[in-house]
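Chemist: Assemble the whole structure, with the sequences as input and the hints as a guide.
Line by line, the protein sequences give chains A and B. Heads up: the first sequence is residues 162 to 412, going by the numbering used here. Heads up: the second sequence is residues 8 to 253, going by the numbering used here.
For the record, the hints were derived by calculation from the structure and aren't laboratory data. Fair warning: this is a prediction, and the values are worked out from it, not measured in the lab. Check each hint, because a few of them may be wrong.
[To be verified] Derived pair list, reagent style DSS-like, types lysine-lysine, alpha-carbon separation capped at 27 Å:
no., chain 1, residue 1, chain 2, residue 2
1, A, Lys234, A, Lys187
2, A, Lys368, A, Lys383
3, B, Lys106, B, Lys22
4, B, Lys106, A, Lys232
5, A, Lys175, A, Lys206
6, B, Lys22, A, Lys235
7, A, Lys275, B, Lys40
8, A, Lys234, B, Lys30
9, A, Lys392, A, Lys318
10, B, Lys22, A, Lys234
11, B, Lys106, B, Lys23
12, A, Lys232, A, Lys275
13, A, Lys392, A, Lys175
14, B, Lys40, A, Lys206
15, A, Lys206, A, Lys179
16, B, Lys30, A, Lys235
17, B, Lys36, A, Lys275
18, A, Lys234, B, Lys23
19, B, Lys36, A, Lys235
20, A, Lys383, B, Lys40
21, A, Lys232, A, Lys175
22, A, Lys235, B, Lys23
23, B, Lys22, A, Lys232
[What the hints assert, rightly or not] Cβ-Cβ distance ranges computed for the label pairs, FRET-style:
no., chain 1, residue 1, chain 2, residue 2, range
24, A, Lys175, B, Met8, 33 to 41 Å
25, B, Arg9, A, Glu376, 45 to 53 Å
26, B, Ile14, A, Asn290, 47 to 55 Å
27, A, Ser182, B, Val35, 40 to 48 Å
In this text, a Cβ means the ideal position worked out from N, Cα and C, and glycines have one as well.
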Amino acid sequence: MIEAVNVFKSFEDKEVLKDISAVFEKGQTNLIIGQSGSGKTVLLKSLVGLHEVTKGEILFDGRSLVGLNSKQKKALRQEIGMLFQGSALFDSMTVEENVRFPLDMFTHMTEEEKRDRANFCLDRVRLENANNRLPSEISGGMQKRVAIARAIALNPKYLFCDEPNSGLDPRTSIVIDELIHEITEEYGMTTIVNTHDMNSVMGIGDKIIFIYQGEKYWEGTKDDIFHVQNKQLEDFIFASKMFRQIKEVHK
Amino acid sequence: MRIFYHIGRYTLFVKKVFGRPEKHSIFVKQVIKEIDKLGIDSLGIVFIISIFMGAVITLQTAYNLESPLIPRYTIGLAARDSMLLEFSSTIVGLILAGKVGSNIASEIGTMRVTEQIDALEIMGINPAGYLVLPKVVAFIFIIPFLVIISMGVGITGGFLAGSLSGEVPAPDYIYGIQYAFIPFYVVYSLIKGVVFAFVITTVSAYWGYYAEGGALEVGKASTTAVVTSSVQILLFNLLLTQLLLA
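Modeler: Listed below in structure tokens is the structure:
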């Protein structure tokens, strides 16, 4: 479980996050949604520790990121997997080397064990015959799958995904969403996904948090969304004609 | 005031770079890779620059020493000392600031803007140490070899130019390069090379590491890295000359 307690984040004079408190449950796919520029990415990066919060606390199963010494922080980091918006694969390494990288750095496995583990992770994301290819030689969807395989290589407790569907076609987006959801349930991870893709919201959102202008405006489940009485959220979710029609049908 | 901000941030960056490597075996592998990438790949340019520099120094000196009172071997001596004292360390350093510096800044800058550095940080790795320290160690290790190769090739270039043009007879040139040889000049040049290697790698990595935005900013970071490294090489050249030769 990850908790954000009264989190504030400012960049110089600009306050980007304002008093955000939220609980992200274990074994669930927790979604942070909001318009571009609403502060979702800053919130995700603050949760994961890439940004230091101005005020407030982030708790990983009760452990505060702020209070940890560098050794403890390092140990906690190894329990975190992250899927970046642009995949963030290491250009100079092959697909297999990318997945093996955390194993090389933090385990004492033999070469064979590392290869087996990398192959297992690549199989898990349904990626075959790409081990020796460079990231630049595979498609965007495949890159995302490699990034997921790398993120789960060390069996993390927490998985963070920043816009996992950006730049992908709808079919591939669904595949990536399903993978994230499956892996979360399978490994009992606490997963936080940052998205503005409504298909993801309706598909995998066990718990949803809506951010508007740096503040938490709403939280609930995907089923609650159709009964929402919040203008900003309604404007965001039902901006597309398709979702307005679904809402009508739902009524 | 901006300069103090960069000096402070650069100092903190260098402190991070010298953090303990995560895994010794991986660090050694990276250093070997960087020796190949930064050092061995620079051999060609060092060779070309040095041979032409040696040749030009010899011919220019020969054309300017027309007096019969000055012995011809002085040309060999002048070519040797110019290569040893200045060209093999400073000019090669400036050229490598362009080649190696822009390579490091653009590589690390691209990793920054494509979130690869964030990915390292999330994994619990010190990105500055993991990415930059092998480059610093590798370049400091390889630069003395490059400087010595440059000295040898430059002096040979002078010999070839002098002999082929008929300006300096071969025996005179060979006598000149051995005449009044001061071994400390080689040490002085190597010390300068090592300092320049440190400046090139850390300053270029610094600009790449803190690049923000996209391709345009990475390009700007790369240019700034080359300009800043070059200026610092010139400043350290002056400082070291005063300290070591005065």
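Chemist: Please go over all the hints and tell whether each is borne out by the structure.
Modeler: Hint by hint, here is what the structure shows:
1. Between A:Lys234 and A:Lys187 the alpha-carbon distance is near 20 Å, which keeps this suggested pair within the 27 Å criterion.
2. About 7 Å separates the Cα atoms of A:Lys368 and A:Lys383, which keeps this hinted pair within 27 Å; it holds.
3. Proximity of B:Lys106 to B:Lys22 is assessed by CA-CA distance (about 25 Å); at most 27 Å being required, the pair is judged to hold.
4. Restraint check for B:Lys106 and A:Lys232: the C-alpha separation of about 38 Å exceeds 27 Å, so the hint is violated.
5. As the CA atoms of A:Lys175 and A:Lys206 are separated by approximately 17 Å, the hinted pair is consistent with the 27 Å bound.
6. In summary, the hint linking B:Lys22 to A:Lys235 is supported, as the alpha carbons are separated by about 18 Å, within the 27 Å threshold.
7. Proposed proximity of A:Lys275 and B:Lys40 is supported: the alpha carbons are some 22 Å apart, at most 27 Å.
8. For the suggested pair A:Lys234 and B:Lys30, the alpha carbons sit about 18 Å apart, so the restraint of at most 27 Å is met.
9. For the hint pairing A:Lys392 with A:Lys318, the CA-to-CA distance comes to about 35 Å; that exceeds 27 Å, so the pair is violated.
10. For the suggested pair B:Lys22 and A:Lys234, the alpha carbons sit about 19 Å apart, so the restraint of at most 27 Å is met.
11. For the given pair, B:Lys106 sits about 25 Å from B:Lys23 by alpha-carbon distance, which is consistent with the 27 Å threshold.
12. Note on A:Lys232 and A:Lys275: the hinted pairing holds, with a Cα-Cα distance of about 24 Å set against a maximum of 27 Å.
13. About 25 Å separates the Cα atoms of A:Lys392 and A:Lys175, which keeps this hinted pair within 27 Å; it holds.
14. Distance hint between B:Lys40 and A:Lys206 is unfulfilled; the C-alpha atoms sit about 32 Å from each other, more than 27 Å.
15. The suggested pairing of A:Lys206 with A:Lys179 holds, with an alpha-carbon distance near 15 Å, which does not exceed 27 Å.
16. Distance hint between B:Lys30 and A:Lys235 is fulfilled; the C-alpha atoms sit about 14 Å from each other, no more than 27 Å.
17. Taking the CA atoms of B:Lys36 and A:Lys275, the gap is about 18 Å. The hint holds against a cut of 27 Å.
18. With a C-alpha separation of about 16 Å, the suggested pairing of A:Lys234 with B:Lys23 holds against the 27 Å cut-off.
19. For the proposed pair B:Lys36 and A:Lys235, the alpha carbon gap of about 23 Å is at most 27 Å, so the pair holds.
20. The suggested pairing of A:Lys383 with B:Lys40 is violated, with an alpha-carbon distance near 50 Å, which exceeds 27 Å.
21. As the CA atoms of A:Lys232 and A:Lys175 are separated by approximately 32 Å, the hinted pair breaks the 27 Å bound.
22. Between A:Lys235 and B:Lys23 the CA atoms are separated by roughly 15 Å; this keeps the pair inside 27 Å, and the hint holds.
23. Restraint check for B:Lys22 and A:Lys232: satisfied, since their Cα atoms lie roughly 18 Å apart, inside the 27 Å limit.
24. Taking 33 to 41 Å as the suggested C-beta distance range, the pair A:Lys175 and B:Met8 does not conform, at roughly 22 Å.
25. For B:Arg9 and A:Glu376, the Cβ-Cβ distance of about 35 Å falls outside the hinted range of 45 to 53 Å, so the restraint is violated.
26. Separated by about 51 Å at the C-beta atoms, B:Ile14 and A:Asn290 satisfy the suggested range of 47 to 55 Å.
27. A hinted range of 40 to 48 Å for the beta carbons of A:Ser182 and B:Val35 is consistent with their spacing of about 47 Å.
Comparing the model with each earlier hint shows violations of hints 4, 9, 14, 20, 21, 24 and 25; every other hint is respected.
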